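If you're matching them up, the sequences are chains A and B in order. So the first sequence is numbered by our numbering: it starts at 1 and just counts up by one. So the second sequence is numbered by our numbering: it starts at 1 and just counts up by one.
If you are wondering where the hints come from, they were derived from the structure by calculation, not from laboratory data. Small disclaimer: the values here were computed from a predicted structure and weren't measured. The C-beta atom is built at its ideal place from N, Cα and C for all residues, glycine as well. The reader is advised that the hints may include incorrect statements.
As the list claims (entries may be wrong) - Straight-line alpha carbon distances no greater than 30 Å define the calculated DSSO-like cross-link-like pairs of lysine-lysine that follow:
(1) A:Lys197 x B:Lys205
(2) A:Lys238 x B:Lys233
(3) A:Lys121 x A:Lys82
What the hints assert, rightly or not - Restraint-style ranges between C-beta atoms, simulated for each label pair:
(4) B:Ala201 x A:Ser94: 45 to 55 Å
(5) B:Phe33 x A:Thr97: 22 to 32 Å
(6) B:Pro64 x A:Ser94: 34 to 44 Å
Each chain, letter by letter, is given below.
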Amino acid sequence: MLVADNRLVGPCATLLTLQYPGELPEMVAGQFAELQVPTAKVLLRRPISIHAIDRERNLVEFLIQIVGEGTQSLAELKQGDKVNVLLPLGNGFSYRTTHVARPLLIGGGVGVAPLLFLGQKFAAHGIRPTFLFGGRTEGLILRKEEFRKYGDLFMTTEDGSAGEKGFVTNHSLLMDSESFDRIFACGPTPMLKAVAKWAKEHETACEVSLEHRMACGIGACLCCVEDTADEGNVCVCKEGPVFNIDRLKWFN
Amino acid sequence: MVQLNTKIGSLELKNPVMTASGTFGYGTEYADFMDINRLGAIIVKGTTLNPRQGNAYPRMAETPSGMLNAVGLQNKGVDYFVDHIYPEVRKFQTNVIVNVSGSCIEDYAQCASIINTLDDIPAIELNISCPNVKQGGMAFGVRPESAAQVVSAVRKAYDKILIVKLSPNVTDITEIARAVEGAGADSVSLINTMLGMAIDAEKRKPILSTITGGMSGPAVKPVALRMVWQTAKAVKIPVIGLGGICSATDAIEFLLAGASAIQIGTANFIDPAISEKVVDGIEEYLTRHGFNSVQDIIGALE
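Given the sequences, and given the hints that come with them, work out the whole structure.
Rendered as structure tokens:
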């Protein structure tokens with residue numbers, strides 16, 4: 001795919017837009033892509049969730065946190081550069097098969113990435129989702145204005161620089177557990193576990209997108225496993241990355 | 001038109017390109033990306049007598065020009081393979097070889113005897129070199145006596161082509177190769193992964209749940225090439241070379257060093273269509289250099 005645009009959108013994050021050659025395949029919010037990294041220093045592809053798509057112009061957006069040499073070299077791609085991409089991979093959120101009226105989309109750090117695509121999907125069906133994002137500080141909560149186009153955005157920061165001070169699970173939005181009928185969450189595992197615990201206690205349906213270390217991305221190498229109640233270790237890349245928390249063995 | 005076909009004992013391969021066990025699933029995972037039937041063989045995921053959950057996550061760490069894995073032979077056991085996987089993989093128009101592992105000699109032999117009954121599996125690759133399991137695996141493959149013992153037991157239970165996959169984590173790999181040749185192996189494949197380790201300095205913890213893991217990828221290629229060259233001179237049975245092959249040029253280097261066939265492993269994770277490209281690349285090389293057959297370059301190091 002060709003790079004259509006690539007620009008920094010935060011202190012350590014880039015928004016990479018790629019042009020798909022031809023018509024975009026069917027894609028579900030929560031699915032991801034494996035991007036080949038344009039440097040010989042890095043061997044494996046990088047799994048990156050699909051941030052947004054533009055069906056009219058056949059564009060795919062990736063919100064990438066720059067954490068090491070691989071993501072750094074992706075951030076350095078210039079308009080017109082070529083990137084080898086496998087997409088779409090994995091299973092996304094269940095918004096197409098479950099009835100949801102009052103969705104809560106919780107994101108931590110770069111975990112907000114797939115929630116824009118998901119928010120757009122809800123908005124397209126006349127549902128205004130609620131976004132609840134957490135970060136260490138305001139500057140690390142990415143693309144706030146973009147998310148506000150599709151839903152109401154609430155925040156928590158550890159330093160209190162935006163929204164309420166603390167973690168997402170402490171936010172006053174969650175005082176009334178009846179406000180939401182399904183939670184969709186993506187972010188660091190400790191945050192996901194805290195969200196899942198809240199959801200269990202309040203009997204709210206909850207899906208989480210896991211960020212495990214992957215190699216192949218297609219279920220062949222068995223590196224990115226998560227233990228499940230029904231099938232034991234399964235590949236996050238192929239069976240996930242989105243899991244209903246009822247399938248995970250986080251609470252027993 | 002150059003001849004790409006090669007042989008492992010009596011097993012005919014349409015070309016010398018195979019995919020390495022544990023890097024190609026059951027082949028079906030890769031069918032969207034390439035024509036599996038163009039390969040000489042595929043070696044499917046390590047199979048054990050009983051189901052195995054494998055090791056805890058994290059199982060993988062990326063290293064410079066390589067990776068460490070500690071999967072630990074996760075698989076649903078040989079009965080599941082026979083009932084659910086075999087009916088699918090037997091449809092491929094290529095040789096499907098099953099990698100067999102175990103934690104004791106009896107398990108290896110029993111697993112092999114079950115696979116012996118499958119008409120469309122012409123060979124097994126005996127894994128006596130997995131570094132990621134506590135019992136069995138590499139423990140058998142690092143001493144000539146124990147390697148010969150497990151191969152002898154499997155030889156009695158299995159009458160088709162028996163390939164034995166060797167560990168590089170030994171002082172002299174040719175000693176092990178000769179021992180398994182003497183015990184009845186039809187071929188040896190090498191190298192399995194090299195024992196390695198990765199540490200997260202910030203957390204002051206090992207990255208892998210098992211602390212150590214098996215290293216693969218381009219970083220191990222020079223070691224693999226040297227061991228294939230040494231082993232090809234030391235045994236009469238055909239040698240299958242693997243370790244860091246990422247291109248047709250890499251594959252040709254192994255053939256020149258004496259390998260009768262090669263396997264592609266970690267490179268499948270980077271380019272899921274790489275093995276088909278290597279077939280094309282070998283053909284192009286033979287044509288460019290005026291060779292009629294791939295046999296002309298096997299062991300043809302000048």
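Right, here's what the structure says about each hint:
1. A:Lys197 x B:Lys205: Holds - the C-alpha atoms of B:Lys205 and A:Lys197 are around 27 Å apart, at most 30 Å.
2. A:Lys238 x B:Lys233: Roughly 43 Å between the alpha carbons, so the hint for A:Lys238 and B:Lys233 is violated.
3. A:Lys121 x A:Lys82: 28 Å, holds
4. B:Ala201 x A:Ser94: 45 to 55 Å: 39 Å, violated
5. B:Phe33 x A:Thr97: 22 to 32 Å: Roughly 27 Å apart at Cβ, these two residues keep to the hinted range, so it holds.
6. B:Pro64 x A:Ser94: 34 to 44 Å: 40 Å, holds
Checked against the numbered hints listed earlier, the structure breaks hints 2, 4; every other hint is satisfied.
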